[in-house]
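Residue numbers (my numbering), protein chains in the order written: chain G, 1 to 106; chain C, 1 to 576.
To be clear, the hints were calculated from the coordinates, so they are not data collected in a lab. As the structure is a computational prediction, the values presented were derived from the model and not from experiment. Fair warning: there could be bad hints in the mix.
Here are the simulated lysine to aspartate or glutamate pairs, EDC-like style, with alpha carbons at most 20 Å apart [as the list claims (entries may be wrong)]: (1) G:K100 <-> C:D333; (2) C:K186 <-> C:D33; (3) G:K100 <-> C:E166; (4) C:K86 <-> C:D333.
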Amino acid sequence: MIEEQRTKKVVAGQLKFESEVAAASAAKVAPNRQVSRLFDVPVVVDEERCISGCHVCVESCPVDCLAIETERRKAYMKFDDCWYCLACEVDCPTNAITVKMPFLIR
Amino acid sequence: MADDIRFETDILVIGGGTAGSVAAIKAKEALPDGTVLLLEKANVKRSGAIALGMDGVNNAIIPGHSTPEQYVREITMANDGIVNQKAILAYAQQSFSMIQELESWGVKFQKTATGEYDIKKVHHQGSYVLPMPEGYDIKKLLTRAIRRVGVKTENRVMATKILLDEGRTVGVTGLNIRTGEFVVVKAKAVILCCGAAGRLGLPASGYLMGTYENPSNAGDGYAMAYRAGAELTNIECFQINPLLKDYNGPACAYVSGPFGGYTVNARGNRFMLSDYWSGQMMMEFYKELTGPNGPVYLKMNHLAPETVAEIGRILHTTERPSRGRFHAGRGTDYGEQLVELAVSEIGLCSGHSASGVWVNERGETTVPGLYAAGDMASVPHNYMLGAFTYGSICARSALDYIGQDDSGQIDDGAVESERHRVLAPLNRPNGIQPHLLEYKLRRHVNDYLQPPKSAYRLQRGLDYFLRASEEVAQLGATDPHDLMRALECSFIRDCAEMAARASLFREESRWGLYHHRQDFPDMDDENWFVHVNLKLGRDGTMNLFKRSVEPYVVPLDETELTNYRRIRIPAEPAIA
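The whole structure should be built from the sequences, with the hints applied where relevant.
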């Protein structure tokens, strides 16, 4: 019933749902999804210096936001959770990492 | 479905930060033939509040500089009298030997030319600050000790629930946040060392992970202890700290203070007698910040260039080393400009204020076999050294407890229903994204719980936190990392509900800004010289009640008790 209303063609000037309760329920069954794109992230990895097979930074991160990209076998910031604590930068054996302040607090 | 990962251990420590590292080391030292398992959500080498080290001990009681009784008096004053003095005294008496033990593990404290501990005065009354200019590698030293004594460590496993058998602790369930595997641990005793509820309020920057506390500490320990039926206390005594504006890390007055730095208003005038963090101090700070002479700054530009350089060296290598990068990015030079400060988001953290899982002087919670130490246990103003000391105390208590009756069994039904709850978001890949619900929860915390408080606002907040249970049940996750964040939303919601209810319950104002009620602006010792405790009732709702303050072991007279209410520098009388 709600699904039927949700997919109904919108006509200008007419309510799509018969009540606001139905509208709210529709929002629950069809939540918004975000489309992936590249972001300016705090952890910057110099891939020339990053050693393939090393994962010291990934182990250091207290919020587990780093990972190894499986194809190139280099570290990257996978999750947008950086606490700008510098553990990855301090522990990297080849000084390949630079942490920038996250944009919102820069 | 993959099989669960199962462990069995004598003593289980949850959280390998400050308190947990020491709890595990001390337990294993005393139990060479037994097993001690340490579960860590991150990796012990870089986890918890001191992941990047610490610049000093804020509460060292060094013979010749102060006595345990003096310290108990100071912390009683700083908490407007609502303390369990026995628990503070246990810390005060045992912390000096902890300092010596830390030194034997390689931790370096500042000494004078004659080899004495170089104690500084930051508190309102006594001298308790012991700098650690080389404190950047303390976590590495602890990790080395953990390995040396043979503690079994499982990194990247977060605990989700404490398992009970007839009210006694018998283990926990957990989640491997990398593989998504469900973990079941059977243990004879459990020591909770999960840190503060640091992701409760939303930093003013709007950056979710820009918290004062290490954001791994989402209040896991508070929520798990509550769900296990343990009592929590002083939750309405929020943690609010004076921090570098936007950066949201400590400034830090404890480092710069002994070198001559201090807090000033926008006119460059000092307005507080003491920069030691207390609710009363935060009230003066907040008044100045939001008054006509705000904002507030840390002043170091009157110091000699060598002094400024030394402060910078300490601030930029320990605790939050990116402070230097933040200031460089904005062109702030400590020797030239004042450094702007602001108030932090609210949190729950006994390390700085007094909120926590109720523990006595043995680190025991009100649930048999369950212990708590560090920022999540209720010993007030306990800081790093308190976490170390109570880690050690809890280890001793747990060792005494195990072996008395180890017949407790894990209930398979409870494990099954927890597995279902923990893994459910993976079945809803299109469910609400965890970071969205987290933002919404924490934004409501700011809107309604942040002091100054009032019943109408607190109630509006509480209404939402109750409604948010439905939203928690709609969370979706597409990978184990997301699943961790989803589970944390549930911890954050529990903490928010506790913070709202406890704040509503205490109908007076106390602890300066920490519990300033606009509708009850005065302190009311007649009715409220008590702890407000809460626990999960048998009917599944949160019960709040008064718990009497234990008789003092170190008496204070009335003048002493009100010392911290006189933090503000009185205005100069106008010349007639």
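Structure-inconsistent hints, enumerated in ascending order
Going through the list in order, the structure violates hints 3 and 4 and respects the others.
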